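Chemist: Residue-level listing of the chains:
Number of protein chains: 2
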Amino acid sequence: MKVIEVNKRVLEKNDDIASSLNQYLHDRGIVLMNLLGTPGSGKTTLLERILERVDCSKIAVIEGDLYTDSDAKRIEAFGVKTIQLNTYGACHLEASMIKEAIYELDLNGIEVIIIDNIGNLVCTAEFKLGEDKRITVFSVTEGNDKPLKYPLMFQTTDILIINKMDLIRHTNFNIENFKKDVWTLNPQCHIYECSAYRNEGINDILNIVFLLNE
Amino acid sequence: MKVIEVNKRVLEKNDDIASSLNQYLHDRGIVLMNLLGTPGSGKTTLLERILERVDCSKIAVIEGDLYTDSDAKRIEAFGVKTIQLNTYGACHLEASMIKEAIYELDLNGIEVIIIDNIGNLVCTAEFKLGEDKRITVFSVTEGNDKPLKYPLMFQTTDILIINKMDLIRHTNFNIENFKKDVWTLNPQCHIYECSAYRNEGINDILNIVFLLNE
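Those protein sequence lines, which keep their order, are chains A and B. Per my numbering, the very first residue in the first sequence carries number 1; after that it's consecutive. Per my numbering, the very first residue in the second sequence carries number 1001; after that it's consecutive.
There may be inaccurate statements among the hints.
To be verified - Pairwise CB distance ranges, derived in the manner of DEER restraints:
#1 B:Asp1132 - A:Lys58: 51 to 57 Å
#2 A:Asn199 - B:Arg1169: 15 to 21 Å
#3 B:Arg1053 - A:Ser96: 35 to 41 Å
What the hints assert, rightly or not - The calculated SDA-like cross-link candidates involving lysine to any residue, where the alpha carbons are at most 20 Å apart (straight line), are:
#4 A:Lys146 - B:Lys1058
#5 A:Lys146 - B:Leu1066
#6 A:Lys180 - B:Tyr1067
#7 A:Lys58 - A:Thr87
#8 B:Lys1146 - A:Asp145
#9 B:Lys1179 - A:Thr68
#10 B:Lys1008 - A:Ala90
#11 A:Lys146 - B:Ser1070
#12 B:Lys1099 - B:Asp1055
#13 B:Lys1008 - A:Lys146
#14 A:Lys146 - B:Asn1172
#15 B:Lys1146 - A:Val80
#16 A:Lys180 - B:Lys1099
#17 B:Lys1146 - A:Asn177
#18 A:Lys73 - B:Arg1074
#19 A:Lys99 - A:Val80
#20 A:Lys180 - B:Thr1068
#21 A:Lys146 - B:Gln1084
#22 A:Lys146 - B:Arg1009
#23 A:Lys8 - B:Thr1068
#24 B:Lys1073 - A:Asn177
#25 B:Lys1008 - A:Tyr88
#26 A:Lys73 - B:Glu1048
#27 B:Lys1179 - A:Ser70
#28 A:Lys73 - B:Leu1148
#29 B:Lys1146 - A:Lys99
#30 A:Lys146 - B:Asn1086
#31 A:Lys8 - B:Arg1009
#32 B:Lys1058 - B:Lys1073
#33 B:Lys1146 - A:Lys180
#34 B:Lys1073 - A:Asp145
#35 A:Lys8 - B:Lys1099
#36 A:Lys146 - B:Asp1069
No lab work stands behind these hints, which were simulated from the structure alone. The structure presented is a predicted model; accordingly, all values stated were derived computationally and were not measured. Backbone N, C-alpha and C define an ideal beta-carbon position, used for all residues, glycine too.
Extracted from the complex, chain A is given alone in its bound form (with noise of 0.2 Å):
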């Protein structure tokens, strides 16, 4: 009971640091993205497929992780200016996080940060993280089930990425079904199908997604 109540707080105070990161944002003309799924999802891929499209100078990533900085090195290749953010074993990113994180950012030019956020399909949809829009990307292998098991992760998400869609064939995934459970959980979400793997799909994320004037 007593952890409930301090996960309760927690998450109380990680809104109110993250409503204000928010506004910081704004009022610079900043947009800011949170990039989520589960590990092996295709996050890190997808968004070096974006990088090798838009103008990079005006965009800046925060890279979460474990205790890695792999993927921080593959985005940094692209002279992106990258933060990188581990939690040392903790499962998700929370607002003082990232507000550190882009303390430590020069933001001088900078219209987009994107945050790349820890593997994880359950406990990262829990924290706000100052983010504009929520992006979750969810490959064809994890099955056209998971909506309705891990419900919170696609009712708070504004977009979703249906990624690896090379592999579908292989599969026995419905995405039919898959799109309708999403529908009933979130109406508004807007959803697009890729293979960053493959490079296939990404132009039209690019354009909808980023709004970046390229």
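Please arrange chain B on chain A, whose structure you already have, making use of the hints.
Modeler: Leaving out everything else, chain B in the frame of chain A:
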């Protein structure tokens, strides 16, 4: 800071319950297995392939899910005693929940209890559930960089099953690097390869992992 202290107390209390639960089951000649992995790694499909091959009267299954009972229904169809544990949003199972589930089970004739854990590569690894063995199911579509990114799961598992081997040729999964990283973290880890969906490689897992007399 306070959250971490509470978390530590929770983990210590959990470990005590797990130890006494393990002793309780040992005294009755029952083995407890903990099946872990990300959402969509193939835990429940693998369990189905196993149940097709064994005497189901000797097995009970505890299904962990946030809300649904869809997996429990899939397992119950095999005539296995099944208990559904719903955490209502919480990201992991705790030993006290397993204890409660086991007290609900008629243990007469049961030799093996299998916990089909919540899909999560982070939080579930922290909680001992009184198991004799941890079995982690990991699919090649999740990427070979994950052991170093999510080390606790790979450090604490006794057996690692690489699933979806039928898809490996469509991915850039480097199985040699993957195994090298797993064994660096956990030299004792037993690794098996299979495709639960294609029903391939199941017999080896069955004989060695479940120690069942068929």
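Chemist: Each of the hints needs a verdict: does it hold here or not?
Modeler: Quick rundown of the hints versus the structure:
Here the CB-CB span from aspartate 1132 of chain B to lysine 58 of chain A is close to 54 Å, well matched to the stated 51 to 57 Å. Range check, asparagine 199 of chain A to arginine 1169 of chain B: Cβ separation about 19 Å, and the 15 to 21 Å hint holds. Against the hinted window of 35 to 41 Å, the Cβ-Cβ separation of arginine 1053 of chain B and serine 96 of chain A comes to about 50 Å, which falls outside the hint. At roughly 30 Å between alpha-carbon atoms, lysine 146 of chain A and lysine 1058 of chain B are farther apart than 20 Å, so this suggested pair is violated.
Note on lysine 146 of chain A and leucine 1066 of chain B: the hinted pairing holds, with a Cα-Cα distance of about 11 Å set against a maximum of 20 Å. Proximity of lysine 180 of chain A to tyrosine 1067 of chain B is assessed by CA-CA distance (about 18 Å); at most 20 Å being required, the pair is judged to hold. Taken as a hint, the lysine 58 of chain A and threonine 87 of chain A pair is broken in the structure, with Cα atoms around 26 Å apart against an allowance of 20 Å. Between lysine 1146 of chain B and aspartate 145 of chain A, the direct Cα distance comes to roughly 23 Å. Violation of the 20 Å bound is thereby established for this hinted pair.
A distance of roughly 18 Å separates the Cα atoms of lysine 1179 of chain B and threonine 68 of chain A; the hinted pair therefore holds under the 20 Å criterion. Between the alpha carbons of lysine 1008 of chain B and alanine 90 of chain A the distance comes to roughly 13 Å, so the proposed pair stays at or under 20 Å and holds. Between lysine 146 of chain A and serine 1070 of chain B, the direct Cα distance comes to roughly 11 Å. Compliance with the 20 Å bound is thereby established for this hinted pair. A C-alpha spacing of about 24 Å is found between lysine 1099 of chain B and aspartate 1055 of chain B, which places the hinted pair above 20 Å, so the restraint is violated.
Under the criterion of a C-alpha separation no larger than 20 Å, the hint pairing lysine 1008 of chain B with lysine 146 of chain A is inconsistent with the structure, at around 31 Å. With a C-alpha separation of about 24 Å, the suggested pairing of lysine 146 of chain A with asparagine 1172 of chain B is violated against the 20 Å cut-off. Between lysine 1146 of chain B and valine 80 of chain A the alpha-carbon distance is near 23 Å, which puts this suggested pair outside the 20 Å criterion. Using a Cα cut-off of 20 Å, the hinted pair lysine 180 of chain A and lysine 1099 of chain B is violated, with the two alpha carbons roughly 37 Å apart.
A threshold of 20 Å between alpha carbons decides the hint, and for lysine 1146 of chain B with asparagine 177 of chain A the separation of about 29 Å lies outside it, so the pair is violated. As the CA atoms of lysine 73 of chain A and arginine 1074 of chain B are separated by approximately 42 Å, the hinted pair breaks the 20 Å bound. Restraint check: the Cα-Cα separation between lysine 99 of chain A and valine 80 of chain A comes to about 19 Å, which is no more than 20 Å; the hinted pair holds. The hinted pair formed by lysine 180 of chain A and threonine 1068 of chain B meets the criterion: a straight-line CA distance of about 17 Å does not exceed 20 Å.
Simply put, lysine 146 of chain A and glutamine 1084 of chain B have alpha-carbon atoms about 17 Å apart, close enough for the 20 Å limit, and the pair holds. For the suggested pair lysine 146 of chain A and arginine 1009 of chain B, the alpha carbons sit about 32 Å apart, so the restraint of at most 20 Å is broken. For the proposed pair lysine 8 of chain A and threonine 1068 of chain B, the alpha carbon gap of about 24 Å is over 20 Å, so the pair is violated. Between lysine 1073 of chain B and asparagine 177 of chain A the alpha-carbon distance is near 19 Å, which keeps this suggested pair within the 20 Å criterion.
The straight-line distance between the Cα atoms of lysine 1008 of chain B and tyrosine 88 of chain A is roughly 15 Å, inside the 20 Å bound, and the hint therefore holds. The straight-line distance between the Cα atoms of lysine 73 of chain A and glutamate 1048 of chain B is roughly 40 Å, outside the 20 Å bound, and the hint therefore fails. The suggested pairing of lysine 1179 of chain B with serine 70 of chain A holds, with an alpha-carbon distance near 18 Å, which does not exceed 20 Å. As the CA atoms of lysine 73 of chain A and leucine 1148 of chain B are separated by approximately 15 Å, the hinted pair is consistent with the 20 Å bound.
Note on lysine 1146 of chain B and lysine 99 of chain A: the hinted pairing is violated, with a Cα-Cα distance of about 27 Å set against a maximum of 20 Å. Restraint check: the Cα-Cα separation between lysine 146 of chain A and asparagine 1086 of chain B comes to about 15 Å, which is no more than 20 Å; the hinted pair holds. Restraint check: the Cα-Cα separation between lysine 8 of chain A and arginine 1009 of chain B comes to about 18 Å, which is no more than 20 Å; the hinted pair holds. Between lysine 1058 of chain B and lysine 1073 of chain B the CA atoms are separated by roughly 18 Å; this keeps the pair inside 20 Å, and the hint holds.
For the given pair, lysine 1146 of chain B sits about 31 Å from lysine 180 of chain A by alpha-carbon distance, which is inconsistent with the 20 Å threshold. Under the criterion of a C-alpha separation no larger than 20 Å, the hint pairing lysine 1073 of chain B with aspartate 145 of chain A is consistent with the structure, at around 13 Å. Pair hint lysine 8 of chain A plus lysine 1099 of chain B does not hold up; C-alpha atoms about 26 Å apart against a cutoff of 20 Å. Straight-line distance between C-alpha atoms of lysine 146 of chain A and aspartate 1069 of chain B comes to about 12 Å, which keeps the hinted pair within the 20 Å bound.
Comparing the model with each numbered hint stated earlier shows that hints 3, 4, 7, 8, 12, 13, 14, 15, 16, 17, 18, 22, 23, 26, 29, 33, 35 do not hold.
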